[in-house]
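Enquirer: Residue numbers (our numbering), protein chains in the order written: chain A, 1 to 341; chain B, 1001 to 1341; chain C, 2001 to 2341; chain D, 3001 to 3341; chain E, 4001 to 4341; chain F, 5001 to 5341.
FYI, nobody ran anything at the bench for these hints, they're computed from the structure. A quick note: this is a predicted structure, and the numbers were derived from the prediction, not measured. Every residue gets a Cβ at the ideal spot worked out from N, C-alpha and C, and that includes glycine. Warning: the hint list may mix true and false statements.
[As the list claims (entries may be wrong)] Label-pair ranges, simulated between beta-carbon atoms: (1) G115/A with G5263/F: 51 to 61 angstroms; (2) P4215/E with G5115/F: 33 to 43 angstroms; (3) A5181/F with I2248/C: 39 to 49 angstroms; (4) R5326/F with G1115/B: 23 to 33 angstroms; (5) S2334/C with R5206/F: 15 to 25 angstroms; (6) R1326/B with G115/A: 52 to 62 angstroms; (7) G335/A with V3339/D: 19 to 29 angstroms; (8) G1115/B with D186/A: 16 to 26 angstroms; (9) G5263/F with Y4111/E: 50 to 60 angstroms.
[To be verified] Which stretches of chain E does chain A cover? Using the computed rule of at least three CB atoms under 8 angstroms from a CB of chain A, they are: (10) 4027-4040; (11) 4101-4115; (12) 4245-4254.
There are 6 protein chains.
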Amino acid sequence: MSASHPVPGRIICFGEMLLRLSAPAGRLLPQASHLELCTGGAEANVAVSLARLGHRASMVTVLPDSALGDIARDALRTHGVDTAAVLNGPGRMGLYFLTPGAVLRPSEIVYDRAGSAFATADPARYDWKAILDGATWLHVSGISPAVGELPARAVLEAMRTARALGVKVSYDGNYRASLWAARGEDGAATLRSLMAEADLAFAGERDFALVLGRPELAEGGREQEAVEAAFAAFPQLAHVAYTRRRQIGVQQHELEGVLHARGACAVAGPFDLHEIVDRIGTGDAFAAGVLDGLMRGRGLEESARFGLAAAAMKHSIAGDFNTASRAQIEAVASGSLDVRR
Amino acid sequence: MSASHPVPGRIICFGEMLLRLSAPAGRLLPQASHLELCTGGAEANVAVSLARLGHRASMVTVLPDSALGDIARDALRTHGVDTAAVLNGPGRMGLYFLTPGAVLRPSEIVYDRAGSAFATADPARYDWKAILDGATWLHVSGISPAVGELPARAVLEAMRTARALGVKVSYDGNYRASLWAARGEDGAATLRSLMAEADLAFAGERDFALVLGRPELAEGGREQEAVEAAFAAFPQLAHVAYTRRRQIGVQQHELEGVLHARGACAVAGPFDLHEIVDRIGTGDAFAAGVLDGLMRGRGLEESARFGLAAAAMKHSIAGDFNTASRAQIEAVASGSLDVRR
Amino acid sequence: MSASHPVPGRIICFGEMLLRLSAPAGRLLPQASHLELCTGGAEANVAVSLARLGHRASMVTVLPDSALGDIARDALRTHGVDTAAVLNGPGRMGLYFLTPGAVLRPSEIVYDRAGSAFATADPARYDWKAILDGATWLHVSGISPAVGELPARAVLEAMRTARALGVKVSYDGNYRASLWAARGEDGAATLRSLMAEADLAFAGERDFALVLGRPELAEGGREQEAVEAAFAAFPQLAHVAYTRRRQIGVQQHELEGVLHARGACAVAGPFDLHEIVDRIGTGDAFAAGVLDGLMRGRGLEESARFGLAAAAMKHSIAGDFNTASRAQIEAVASGSLDVRR
Amino acid sequence: MSASHPVPGRIICFGEMLLRLSAPAGRLLPQASHLELCTGGAEANVAVSLARLGHRASMVTVLPDSALGDIARDALRTHGVDTAAVLNGPGRMGLYFLTPGAVLRPSEIVYDRAGSAFATADPARYDWKAILDGATWLHVSGISPAVGELPARAVLEAMRTARALGVKVSYDGNYRASLWAARGEDGAATLRSLMAEADLAFAGERDFALVLGRPELAEGGREQEAVEAAFAAFPQLAHVAYTRRRQIGVQQHELEGVLHARGACAVAGPFDLHEIVDRIGTGDAFAAGVLDGLMRGRGLEESARFGLAAAAMKHSIAGDFNTASRAQIEAVASGSLDVRR
Amino acid sequence: MSASHPVPGRIICFGEMLLRLSAPAGRLLPQASHLELCTGGAEANVAVSLARLGHRASMVTVLPDSALGDIARDALRTHGVDTAAVLNGPGRMGLYFLTPGAVLRPSEIVYDRAGSAFATADPARYDWKAILDGATWLHVSGISPAVGELPARAVLEAMRTARALGVKVSYDGNYRASLWAARGEDGAATLRSLMAEADLAFAGERDFALVLGRPELAEGGREQEAVEAAFAAFPQLAHVAYTRRRQIGVQQHELEGVLHARGACAVAGPFDLHEIVDRIGTGDAFAAGVLDGLMRGRGLEESARFGLAAAAMKHSIAGDFNTASRAQIEAVASGSLDVRR
Amino acid sequence: MSASHPVPGRIICFGEMLLRLSAPAGRLLPQASHLELCTGGAEANVAVSLARLGHRASMVTVLPDSALGDIARDALRTHGVDTAAVLNGPGRMGLYFLTPGAVLRPSEIVYDRAGSAFATADPARYDWKAILDGATWLHVSGISPAVGELPARAVLEAMRTARALGVKVSYDGNYRASLWAARGEDGAATLRSLMAEADLAFAGERDFALVLGRPELAEGGREQEAVEAAFAAFPQLAHVAYTRRRQIGVQQHELEGVLHARGACAVAGPFDLHEIVDRIGTGDAFAAGVLDGLMRGRGLEESARFGLAAAAMKHSIAGDFNTASRAQIEAVASGSLDVRR
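Can you make the complete structure from the sequences, with help from the hints?
Expert: Here you go:
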């Protein structure tokens, strides 16, 4: 908020943005007389978190030139994300409809993103050299290639340009089975090529099992082996991070944060999360928290701890974005639950 | 409500349904933290009105098999519309985003209906002989052909089957310039072929100018001439109806209802409409009111009067549907403004 | 608000209280997913207005000993009305359901007050001598006798006790045709006996036509004659007051306030009322405004003017109560429309 | 949703419908500026659940011919319940006011159903032979006789006609002590005569203790004995079902479902239910789930399991109705808590 | 509610009132498009609770003569608190902004009370002899002296006048570190002088450590010793009460109530509080519950038990006030969680 | 929205920002259970409008380092205003409470801005040379000096630095009598010194009468003379602009826009404004519209016309900001009222 934090780096986030339309808590979608509106998208969520934490974060995406596209762009601006590289193009605004779960009823998402401006944008529209100039990190995810062939090409080109320019690459696996199924494949080859460009991967044993073609790694209990196999297969990979989540009820989870370097591992938590407000975007909040640590040069333990606190914080905030300040996340990390006056 | 009204007929309404997502009154879309949700679609609006007025009304459409499609179907059921002929199919739910106008700022609609289940449905899915069996009227509109080639074929087949079966055909011009522009044509030929099947047309001088290829008829002051030209060109056409609207402000209109038979014309109104709540669907409410008159065998004057009262009533009700009862519409027609206790 | 106003008198208001459940603006009752809740009742409305204007006002009624009854009692207390004489008794809380009108659609009220604690209360429960001790005015209305035989007896006893004690009596005709119809009579005899006890009557030509058995007085244009006939028939009657309302639309009225003394008459207004928020209780607001003038010893003109301003003010406030302060009503009377900073 | 489910049967549900007016969560009734409105009634809740699960369900009741009555009827139609046998009649709409509980504060219900159209309807208005023609099941409850002598006669006649026609009878005890107290008796004789007509009873040890005149069965630990005594006393009784509920807090329960046949018993659960949204109607959701199993010819285990999942699901949905689809209930039964995309 | 409770005493509560502006649940303050408004203040909270429990409670404070001040005064009246001694004066209305916590994110309060009418009021404005005439108790807190020097003098004068008149004095420590820090001291001397006037102190080991200058008493495990030291140091002190709270999550606490007399101690609870709605004002609810016991002459055990039940109840009610009735609090004390019909 | 507009200039806006807390429409402040929150301030309103119109706009102000201050800053960012020169400082966030008027009841504003961070900021904190570097315009108002001596010095220094740097100065008189009264003077001398630095003044005859010490100019009918006197007295003054407003009701106005150059004058309108949504900030919207014209080098007529259309548009938008796009304002200017699809 104030100018007292030195800003450690500049991160470019690239991916699709979506508007979320949610039924009110405790109601099924057909019971709703109104839907709550917010903006999201995995990579935008990371951008917002990092901007709130004092980093210079820029978003790269394509939005329709309409009131809906403006909503998404303005939401980034509100939180201090630079939108100079947000393009307008033909096509729809991607939407998703959320029915928040309760008790033992899981949350349900109906995607309505086909034909979006992002999915149909020509990869040549992104001038990656200009965009990445002066950046220290690039953040992308495995959702973009799942959305379509054009974004798949764009994301790979972004990663390769980053590496050529010495910009570090953060990659969140974010496997979306239903999107790949709609494309008639499992995406393993494409995702492997992306993973090969990452310095930091937010990915777990199932992601590695897929891209390494070793399904047995996903069968349980082989998490450490999967990480080691990933480090072996992807020589540029320096860090791997993920959360472990145990669900007692739809609104009661236990959460740990894990951050691996080659030959070292930090585990933070577990945190007991009760009366969860909104779990959408908690993985992105974790990613942003870990990135904050690495961008500031903090150690494994502290980065894992802060990433987990950021993820825990997000469970208490409605919407896709973790808009909490550093001080608020530190308060969660400290464990104090008293009213702060 | 009670069983005291003899039910004069059975009407089949065919067309696309849409979910409407509206910004709250007095707010632009990007100011909205939630959007109000309701169901609409020109032909469905007519079906709901007529069901509320005691007619047997059935809807024919294609909806996605999703929570969004269910919302549309259930909305019909709520108001007593028969949904046995509502089909499920692949594709999206058509949406539109409404920013209600105020003062001198016009209302704005952003359509998001491309790729809908209705627009992409194979016309062969509709078994028109079975659907129209026992019906007295079919109601369709010029929106369906504007939506795509497949619906264009379906609506024409429906109209021709109706005529073959002796079912009367009601057709609402509802010209949508932007949809036709997106298809690269003005639709005149298609719309002419539809108009040729209609017993009753909700259409005005601009519609007739278009389908008759006589643009001069739309230049003002030639309304009567246009209607006569239409009666001349379309021998089956028995009635033509439309409203005349003068707008003093976005929420202040003056409205007349006009109903022509060959050689006769009734004009109802004008009504002064202040503090308008919602003008979407007022044309459909008028159509339903006129249809009610004709289905009950009422005269021109009474049908025009009831149609205008129904349209006026709809201006006072939020949402696309005119869900008012016959008694409530009669109260508007009577001109009494006192609190009814 | 402050203690700077000398308090001119103490008024006792007696009548039934009701909870109002309203559909949101622009929606029919069946469209409502929630109903707005407020408290009302003609006599309670007068009590609240006068308490807000700095008078000592006490309410006498019977409420059920339930959360619903508590809502009504607490609403009085909020506005400074004394509730020491509010009794609890068996029976229901009276309710009414309001669908606010719009454009040309009139507001609709569905009463659900049968079997209420007030309607079924034994008149012997009210100790009128104690209640009226120290009071300067009693205010009652013609609704109470319409509600049932027991309240009819109670209200007459209250009026007669008041007169015996030298307490002035204010009576609002408030004719409710549907309630009398449900009792199988028109109430003329009962209402005449009440009118005979009044010092001040809020009543117009139709009320007088009824109680005087002279229906021709209500046929229009004979307002002055009706008032003179009332003064002739009811020797104790000192003042007659009413509003004249011309309705251009459901939310656009023109309003005048008329106050007669024997041989003198003041007419205030007209006021043009646009975009009316809530017209329920505007007659009670007028009554309170006129009573304020008479209780303070103001002249006819000023009392009529203040009564009309109070009525006009109420059209801008949601709910049954006119909770405006004297300063706010004076601002309306002054005609200034600028933002007050 | 789609036509793919064969519809196994047709069920007639008979009972009173009520409108529910609820304070918002976390507020006492007098704190509420608005009340949430929904429709309920034990038997209607069952009808809606079964219609949502693909059965043909019809409601039989009497509603007032008013906007309030229309709300109740339309709510049934929304969910696909047939309303051809819903009658209009004189009398009020039954209401109840709900203050939802929280933490250790129990939920509170204030009934306001005296004088309802249902309670005062002449039993001769129901033509049971016509209504039950073609049905496979009748569902009634012990609330109807508690509401009044007229409904008591109607429900018994319905049950006996059903048995005469070979329609199976489902009976939910639903003992309402306060309603019987208001009638000056405990209802044991009447309820025994109803229980004697049931093929399936939703009833537990306290119900059986009452109707068998054996209060000791309700003293705890004698559940199995009570069920056996019921099977012995009521020869037609084929199945007995109930839930066992342990309450840790107002919004934290543990729930089991029990279904007995003669000589066999299935117990499903327990399920841990946290952050409960709405527990009203959960017993009816259980009843509908068990009925679905029996109507589809499923075994004891599967019927108990599905009934319990349906009950658990209802705890996550606001309102009286369980409007969940079969797929959503199966998801609860499967135990998966992940977001469904 | 009814007049059946004998009223045991009359209590005067003195302190600052505040308006609370809260973000909706699950949202950070900058996410809020509206803020929920309610009235509070530690001493006013006690007054409201006791008035709801049937005591005569009067509030003494200074409010601005504005719509904001009126809100605070009217909120007292709603709940039956006497406001005859509420003064108007220059200065602002004190405000506070609340962001309710969730999951592991603590609630946050931003005070905006500087320059309030209360803080800047001349102590000479309070005529304590007149105010305390006929009272049995005075209730004050340690917040008043923290707010400023003028209120510090006023509260001490009130306490001393009370003691001189034989009115018992209840004092709630309510230590506010941030307010004292803003005044540049820790307040120990001032608070000691207040504690010296109290018959009943709501205070725990940290309060006693401060005023006794024995910081080691606050180091944990020395609660009993601290209470004994307080009884030794303050001869007039007859009772000491406090709660013990263990926080599992922001919305899950375990709570005990402790009440000491000289030589005796009662501990009530613990109660497990889940899904907490609002914890603000729970300490005041406890204080009012204990005061109710002492004012009614109940024993230590019963007073502690009722105080704890009142505190537990408050956790289920939105806003600062515990507006529950005696019957509702008794229901919590009884432990029954079933729906009350 | 898109990059197609060349950006004509860069404007610096300096002044206090306020949070607005509004009662819902149709309710008095004490009736509100929640208050709507938005951000405003005369100069910030201009900055937001101009940023929405495609200009580079920067805000200079001082905000508290709190969640409230962040709300104000983030609101600027949402709309694309540069916040690099927004400072944090000690002191409160300025607030104002708005009761929106209706019918004949004027809107009421209660300011609560004493002691704000802006009002108490040392003028030395603003580095005007750096801030104004590269700017083409500076916009300030007469509110800043009314707020206090420190802002008065700051605004004068800003204006003088601007003139020294060749940055044009826009000045809005915005006379606030109540703020000056609180400072014990009428501000004429101070405001004259500000007016002397302006190239463009938003000011009318009353402003000029004050600063010229010629009260007779404000007596009506001497508007032209007042403007000429201003041009004579202030040699640098190139343009004078203001609106003429006639109020028929609180929500019905007639509005003209007037723009003078030396020797030339353009009058736009009148526009009839009905059902006004929000009139706060309409003067600022006019100012921004006129500034847009001048910054783009448009003529008097076009600048006046666009300014008036912008002002008219603002009447249809809730909140202080006119967030409409150029296309939306042009639509108002065009006079078309039809739904835009």
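Enquirer: Run the structure past the numbered hints and jot down the numbers of the failing ones, going up.
Expert: Hint 6 is the one this structure does not satisfy, whereas the remaining hints hold.
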